[in-house]
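K.L.:
Residue-level listing of the chains:
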Amino acid sequence: MSTTSPPRAPEKVTDARTQAKENRRGRGRARGLAERPGFFVYGILLALFLGGSYPLWWSYVVGSSDNTAITETWPPLLPGGRFWINVSEVLSTVPFWQSLLNSIIVSTIITTSVVFFSTLAGYAFAKLRFKGREGLMIFVIATLAVPTQLGIIPQFMLMKELGWTGTLGAVVVPTLVTAFGVFFMRQYLVDVIPDELIEAARVDGANMFRTFWNVGIPAARPAMAILGLFTFMTAWTDYLWPLLVAPQNPTLQVALSQLQSAKYVDYSVVLSGAVLATLPLLIVFILAGRQLVSGIMAGAVKG
Amino acid sequence: MTTMTSPPRPDTGPAKKRSEPNKAKLTRRQRLSRLDVKASPYLYIAPFFVLFALIGLFPLIYTFVVSLNDWDILSGPGEWIGLDNYVAELNDPYFWNSLFNTMSIFLLSAIPQLVAAVFIAAVLDQNLRAKTFWRMSILIPYIVTPVAVAIIFSSAFGEKYGLINNILTSFNIEPVMWKSEVFASHFAIASMVNWRWTGYNALILLAAMQAVPRDIYESAALDGAGAVRRFFSMTLPSIRPTMIFVIITATIGGLQIFTEPKLFNPTSANLGGAHREYQTTVLYLWDMAFNRGDFGKASAIAWLLFIIIVGIGLLNFAISRKIASTEVKVISKRRAKKLARYRATTAASASTTGAPAATVVDEEKRS
Chain A
1 MSTTSPPRAP
11 EKVTDARTQA
21 KENRRGRGRA
31 RGLAERPGFF
41 VYGILLALFL
51 GGSYPLWWSY
61 VVGSSDNTAI
71 TETWPPLLPG
81 GRFWINVSEV
91 LSTVPFWQSL
101 LNSIIVSTII
111 TTSVVFFSTL
121 AGYAFAKLRF
131 KGREGLMIFV
141 IATLAVPTQL
151 GIIPQFMLMK
161 ELGWTGTLGA
171 VVVPTLVTAF
181 GVFFMRQYLV
191 DVIPDELIEA
201 ARVDGANMFR
211 TFWNVGIPAA
221 RPAMAILGLF
231 TFMTAWTDYL
241 WPLLVAPQNP
251 TLQVALSQLQ
261 SAKYVDYSVV
271 LSGAVLATLP
281 LLIVFILAGR
291 QLVSGIMAGA
301 VKG
Chain B
1 MTTMTSPPRP
11 DTGPAKKRSE
21 PNKAKLTRRQ
31 RLSRLDVKAS
41 PYLYIAPFFV
51 LFALIGLFPL
61 IYTFVVSLND
71 WDILSGPGEW
81 IGLDNYVAEL
91 NDPYFWNSLF
101 NTMSIFLLSA
111 IPQLVAAVFI
121 AAVLDQNLRA
131 KTFWRMSILI
141 PYIVTPVAVA
151 IIFSSAFGEK
161 YGLINNILTS
171 FNIEPVMWKS
181 EVFASHFAIA
191 SMVNWRWTGY
201 NALILLAAMQ
211 AVPRDIYESA
221 ALDGAGAVRR
231 FFSMTLPSIR
241 PTMIFVIITA
251 TIGGLQIFTE
261 PKLFNPTSAN
271 LGGAHREYQT
281 TVLYLWDMAF
291 NRGDFGKASA
301 IAWLLFIIIV
311 GIGLLNFAIS
321 RKIASTEVKV
331 ISKRRAKKLA
341 RYRATTAASA
351 STTGAPAATV
361 VDEEKRS
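As you go down the protein sequences, you meet chains A and B in turn. Each residue of the first sequence is one higher than the last, beginning at 1 in UniProt numbering. Each residue of the second sequence is one higher than the last, beginning at 1 in UniProt numbering.
Okay, chain A solo, but in the shape it has when bound (with noise of 0.2 angstroms):
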């Protein structure tokens, strides 16, 4: 394993350790490389994404195959060619794409409020004064750590009150807002937009609102795209409040958990269900896979 140089910032690295190693390898390599790191680091890498995505593939093997793969004493590396007859199966077995349209609504619904009202708060904690700001900003961080799916019963006997069981009504109710929203869009904006740029749109007669529109809004999008995305992972994810308010009218999750309560419990249907319902995710991933690894890099800088 090497020894190293700092990978940020290349061009300085002259240290004689790294240059006494060089020679000692006798391996010329232009000045002023940060050293790469050996055979055995991408070996490790290698292991751990192979390792780490075995149990999607090993899903997609047995999903594909009949209920036999499954009983194979040596775990299984092909995939059969059944995957398309134990989807049908699955599709026949569960509402699938209706729970697939259900999750995109609920998801689409959580993750404009919560994007919105957040950035509107965001910003009016980050770049507008009013009295009370301190107080209300401290009551916000406080609430990040309240696990608020801990009121579930009063929040279960509300919607039962109103009518609202077995509908995405109920389902998309609780999670409008978030505290951590507004926290994350408060701590964005607070650096990205500086106050002469709110002072000018005011002083050019721009309202209150106009300038959030047209100064808050276009230095936000990052963050909103960011804070969009895990929004939608969240809304996209969740199992047990839907699955409390609207079993008859599930979201995926939902249903994909009704595969698993058949009598007879196939499972290369159940595995072929879990990879079927891990797709649109997939695209996802392979389409913004990058924006999602930055945006929890970021996060975490932020956070």
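Because the hints were derived from the structure by calculation, they are not lab data. Owing to the predicted nature of the structure, the values given are computational and were not obtained by experimental measurement. Zero decoy hints are in this set.
Selected chain A positions facing chain B (in silico; Cβ < 7 angstroms):
no. : residue
1   : Leu45
2   : Ser53
3   : Ala124
4   : Pro147
5   : Gly151
6   : Gln155
7   : Thr237
8   : Leu240
9   : Tyr267
10  : Thr278
Using N, Cα and C, we set each Cβ at its ideal position, and we do this for glycine too.
Model the placement of chain B on the given structure of chain A, informed by the hints.
P.N.:
The following block gives chain B in isolation, referenced to the frame of chain A:
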């Protein structure tokens, strides 16, 4: 466009005011503008606070009210019984069982996960080729939803034909009863959490590692600190705040674990195993509220768990501060000592003339 977008006021434009139109208009506009400046911030934060109060905070507080009543799902609110539900739960072995299971699964997932995530982050924190590819590759498990993870792993951990037991048998190892033994089931459930979240946390820690200024490492390397030494005495302390963040998030999430144990063995008679081997507290809460219909007791469970989560969060915070402050003390003590010694030697050298500076360096190295 200006503040004139706000709705026209009813008292606008009586003929008498025409005498001084400019002045009147200006003041009105100013007044509106001032109102806009004063009210806007509150209007912007209001949707969040109103909605949050309604759907987040109020239910949590109302849970406490419910917990003080004998409250059944069908008959609704019964009589006020004070803390009886709490007393009943604290004396209920099933409650303690669920708490034990939750903590056990939490520790089995949080500790190995943190260690692995730090390791992976350190591996990624190098001058890699195709680094975006490697970063993305460790994130693949994250896109598999918990329900799908639970389905995949509960098949893999099947007792008769599961992947894991098949492998074990082919090595002539006795198959493990993953779904009926306490520790084995906790291990299996923890492995689901670990699989999904390790890469995600590794990326968070990687971001923290990359924020450490590189020239510090360079000068440490020049001073002869090896990679391991640099990792333990420089990298780890500088990513501590992020580690605390990861731990606290893991605590809040981990103590509310539901999906994985719920779907681990759907054919089991009880929620969370035939003999509640892996019934976690939220699962127990669910069972109490929606299967047994006792909202009062279920609410008491929710509040007890709430107190535990907040308590552990504060404990994490306090411990991390303690570590940080003792570290600062140790460092400043060392510095003070060095300074004193340096002064003494320079004073001595001043009197004896020409004592080599090297002694100072030696002294410092020894300390």
